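Novice: The listed protein sequences correspond, in order, to chains A and B. So in my numbering, spot 13 of the first sequence is number 13, and the numbers just go up one at a time. So in my numbering, spot 22 of the second sequence is number 138, and the numbers just go up one at a time.
Do not rely on the hints blindly, as some may be mistaken.
Which chain A residues face chain B? A few, computed with CB under 10 Å, are given here [as the list claims (entries may be wrong)]: (1) Gln6; (2) Leu34; (3) Gln39; (4) Ile46; (5) Arg50; (6) Lys103.
Pulled from the structure, derived: some chain B residues nowhere near chain A, Cβ distances all over 10 Å [stated by the list, open to error]: (7) Ala118; (8) Leu129; (9) Gln133.
Hints were generated in silico from the structure; no laboratory data involved. Nothing here was measured: the structure is a model prediction, and the numbers come from that model. Ideal placement from N, C-alpha and C gives every residue a C-beta, glycine not left out.
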Amino acid sequence: AQTVTQSQPEMSVQEAETVTLSCTYDTSESDYYLFWYKQPPSRQMILVIRQEAYKQQNATENRFSVNFQKAAKSFSLKISDSQLGDAAMYFCAYTGGGTSYGKLTFGQGTILTVHP
Amino acid sequence: NAGVTQTPKFQVLKTGQSMTLQCAQDMNHEYMSWYRQDPGMGLRLIHYSVGAGITDQGEVPNGYNVSRSTTEDFPLRLLSAAPSQTSVYFCASSSPSGRAGEQFFGPGTRLTVL
Numbered sequence: 001a002q003t004v005t006q007s008q009p010e011m012s013v014q015e016a017e018t019v020t021l022s023c024t025y026d027t028s029e030s031d032y033y034l035f036w037y038k039q040p041p042s043r044q045m046i047l048v049i050r051q052e053a054y055k056q057q058n059a060t061e062n063r064f065s066v067n068f069q070k071a072a073k074s075f076s077l078k079i080s081d082s083q084l085g086d087a088a089m090y091f092c093a094y095t096g097g098g099t100s101y102g103k104l105t106f107g108q109g110t111i112l113t114v115h116p
Numbered sequence: 117n118a119g120v121t122q123t124p125k126f127q128v129l130k131t132g133q134s135m136t137l138q139c140a141q142d143m144n145h146e147y148m149s150w151y152r153q154d155p156g157m158g159l160r161l162i163h164y165s166v167g168a169g170i171t172d173q174g175e176v177p178n179g180y181n182v183s184r185s186t187t188e189d190f191p192l193r194l195l196s197a198a199p200s201q202t203s204v205y206f207c208a209s210s211s212p213s214g215r216a217g218e219q220f221f222g223p224g225t226r227l228t229v230l
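Could you put the whole structure together from the sequences, leaning on the hints where they help?
Specialist: Structure representation (structure tokens):
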């Protein structure tokens with residue numbers, strides 16, 4: 001079974017600074033996708049960024065980027081120029097291809113606090 | 117498009133009561149899922165469906181039933197609620213023809229079982 005581990009229960013960052021959230025995963029599949037979801041106090045799950053395992057290039061979405069290390073099974077999220085609105089719970093998630101497609105496995109989450 | 121909708125938003129039950137959490141999507145997605153979110157554990161998959169008439173168990177299926185009679189709806193039934201089922205429940209949908217792996221989540225239902 002696949003597992004996703006987020007070893008940082010809480011992180012904090014100063015506004016305008018950069019922060020990196022860590023995620024490791026374990027899988028025997030070769031075809032899979034990785035995600036970072038943001039959950040603000042409203043509880044809504046918001047997709048931040050996604051990475052296909054077959055792509056070597058790290059995904060980037062505006063101020064958000066990932067460091068995908070496939071051999072090490074590591075998938076960290078970097079938030080640049082942090083804003084107060086970035087404060088939320090962040091979840092790393094995994095889904096496989098084929099029959100595993102669409103079934104997400106989540107990490108435990110990291111609470112991000114942004115200080116003004 | 118309304119996306120994924122869930123009702124109710126909040127619910128309090130007594131142990132042993134039954135209820136159905138409703139989930140609907142208007143994006144014609146084939147795949148629909150139910151997750152529960154507990155403190156310190158992230159979200160865990162309860163049940164899953166790849167189309168009308170086809171369902172499968174996830175990581176934590178015990179105490180829950182599902183059926184999928186239409187593409188749009190995927191209700192989650194609690195037959196005899198237990199305090200261990202106190203949680204926040206999310207429904208999600210996706211399509212294999214969309215951006216690979218991307219799931220769309222409903223707003224969640226907070227359930228308390230006394």
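Novice: Determine for every hint whether it applies to the structure shown.
Specialist: These are the hints, each one checked on the structure:
1. Gln6: Holds. Min distance 8 Å.
2. Leu34: This hint holds: Leu34/A lies near chain B, its Cβ roughly 8 Å from the closest one there, short of 10 Å.
3. Gln39: holds (9 Å)
4. Ile46: holds (8 Å)
5. Arg50: holds (6 Å)
6. Lys103: OK, holds: Lys103/A within 10 Å of chain B, min 6 Å.
7. Ala118: holds (14 Å)
8. Leu129: About 19 Å separates Leu129/B from the closest Cβ of chain A, which puts it past 10 Å; holds.
9. Gln133: Holds, because the least Cβ-Cβ distance between Gln133/B and chain A comes to about 24 Å, which exceeds 10 Å.
In summary, the structure agrees with every hint in the numbered list given earlier.
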